[in-house]
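Novice: Spelled out from the first residue to the last, the chains are:
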Amino acid sequence: MLVKREPKNPKQVSLRRAVSAAYYALFHLLAEAAARQFAELCGRGDAGTVSRLVRSFSHIDMKRVSEKIGSSVLPTSLLRPNEKYLTPDDLKRVATAFGALYQARMDADYDTGKPVTRPEVLKRLEEAKEAFEAWERVKGADDAKLYLACFSLWETWNKQR
Amino acid sequence: MAEEARQEALPHFQAIVNILEPDRFMNPEAFALGKTIEQKLLPKPQHLDHLRFMSGPDSTGDPALWIWAFVDETDEYDDARFLERAGVIEDVLEPIAREVAPEGRVYLHFRSTSDVPEVQGVPA
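Top line first, the protein sequences correspond to chains F and P. Taking the numbering used here, the leading residue of the first sequence gets 1, the next gets one more, and so forth. Taking the numbering used here, the leading residue of the second sequence gets 1, the next gets one more, and so forth.
These are computed hints drawn from the structure, not numbers from a lab. Any given hint could be a false lead.
As the list claims (entries may be wrong) - Here are a few chain F residues that sit away from chain P, every Cβ distance over 10 Å (derived from the structure):
1) L41
2) L78
3) D89
4) G140
5) D143
6) K159
Said to hold, decoys possible - DSSO-like cross-link-like pairs, simulated, lysine-lysine; straight-line CA separation at most 30 Å:
7) F:K114 with P:K44
8) P:K40 with F:K114
9) F:K159 with P:K35
10) F:K159 with P:K40
11) F:K84 with P:K40
12) F:K145 with F:K159
13) P:K40 with F:K92
14) F:K129 with P:K44
Quick caveat, the model's predicted, so the values are computed rather than measured. Heads up, the beta-carbon is just placed ideally off N, CA and C, and yes, glycines get one too.
All chains, please: the whole structure from these sequences, using the hints.
Specialist: Next comes the structure, spelled out in C-alpha cells:
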C-alpha cells in the first residue's frame, strides 16, 4: 500500500516505510515461529510466553544465521562426518530474503544518503511475499525447525570441540 | 598549471576515468569484483542496461558487495514488466555474484532506467 500511495512521484518516506514494514513482517513471522517452537518444547505454548520469548531474539543473530543457512552452512556440531549440507530451496529463499531485507531496512531507515526508488522497493516487496509463500511450504520440515533453533543456538553449536 | 600542460594532460585523465568508471565502481575492491562479475555475465542478459558496484562493511560489520542492476525500460515503465525482467536478470546475476564474492554478503538492488538516479542524487 505504501509503495503505491503516490504512484507518480512517491515520497522517500513512503518507500522507506514500505521496506521497513516488509522486513518487520518477515522478522515477526520467523521470530514468533522460533519462540513457539521453544515454548511448546517446554510445555509453555501459551500466547504470553511466546510473546515474551519473541523479544529475546536478536535481529543481528537472525540475520547472520540466515546468511549461513542461505549459503547451505550448518553449525559444525550438527554436521555428520563427511556431510555436505544442502539447504532446501524454499528455506534458502526464506533465509536469503531475511538477510537482504535486514540490510535493506537498515539502509532505508538509517542511510538517507542512499535514496530508494519505487521499482527497487517493489522488487523487495515481491521478495518478501515469496519468502512468506516459501515459509508456508517448508515450515513443517526438519530443516526449517533447525533454522529456527539456530537463531538462539548457533554460537553454542558452532564451537569447535 | 599552464593551460598548455592542462590540455596535454586532459586526454590521459579522461582515459583513466573511462577505464575506472567511478560512476559504476565506487571503490577499488568494487572495481575488481565488478569487472570479474561482468566478465562472467557475458553475454549480457537481455534487458540489463548496466550494473553499479560498491563494497564495504554492511550494517553488522560483515564484508558486503552491493550491486545495482538497471533494468532497461525503453517503453513507458510498467510494474509487472519490470518485475519480470528483474527476475530473469536476478536468476543469472545472483549465482555469479556469490561465486565471485564468496566471503561477503551480496545485496542486489534492481532499478529501472526510467529512474534517473543522478537527478535524484542516488549514489552513482
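Novice: Can you confirm whether the C-alpha distance between P:K40 and F:K114 stays at or below 30 Å?
Specialist: holds, 28 Å
Novice: Take the C-alpha atoms of P:K40 and F:K92, compute the straight-line distance between them, and say whether it is at most 30 Å.
Specialist: This hinted pair holds, its Cα atoms lying about 24 Å apart.
Novice: Holds or violated: are the alpha carbons of F:K159 and P:K40 at most 30 Å from each other?
Specialist: violated, 36 Å
Novice: Evaluate the condition: distance from the CB of F:K159 to the nearest CB of chain P exceeds 10 Å.
Specialist: holds, 20 Å
Novice: When you look at the beta carbon of F:L41, is every beta carbon of chain P farther off than 10 Å?
Specialist: The claim stands: F:L41 keeps its Cβ more than 10 Å from every Cβ of chain P (closest is about 28 Å).
Novice: Given the hint that F:K129 pairs with P:K44, test it: the Cα-Cα distance must not exceed 30 Å.
Specialist: holds, 28 Å
Novice: Is it the case that F:D89 keeps its Cβ farther than 10 Å from each residue Cβ in chain P?
Specialist: holds, 13 Å
Novice: Verify that the Cβ of F:L78 lies farther than 10 Å from every Cβ atom of chain P, and report whether the claim holds or is violated.
Specialist: holds, 21 Å
Novice: Would the hint linking F:K145 and F:K159 be met if the CA-CA limit is 30 Å?
Specialist: holds, 20 Å
Novice: In terms of Cβ atoms, is chain P entirely out of 10 Å range of F:G140?
Specialist: holds, 27 Å
Novice: Has the given pair, F:K84 with P:K40, been kept, meaning a C-alpha gap of at most 30 Å?
Specialist: holds, 26 Å
Novice: F:K114 and P:K44: Cα distance at most 30 Å?
Specialist: holds, 26 Å
Of the numbered hints stated above, those contradicted by the structure are hints 9, 10, listed in ascending order.
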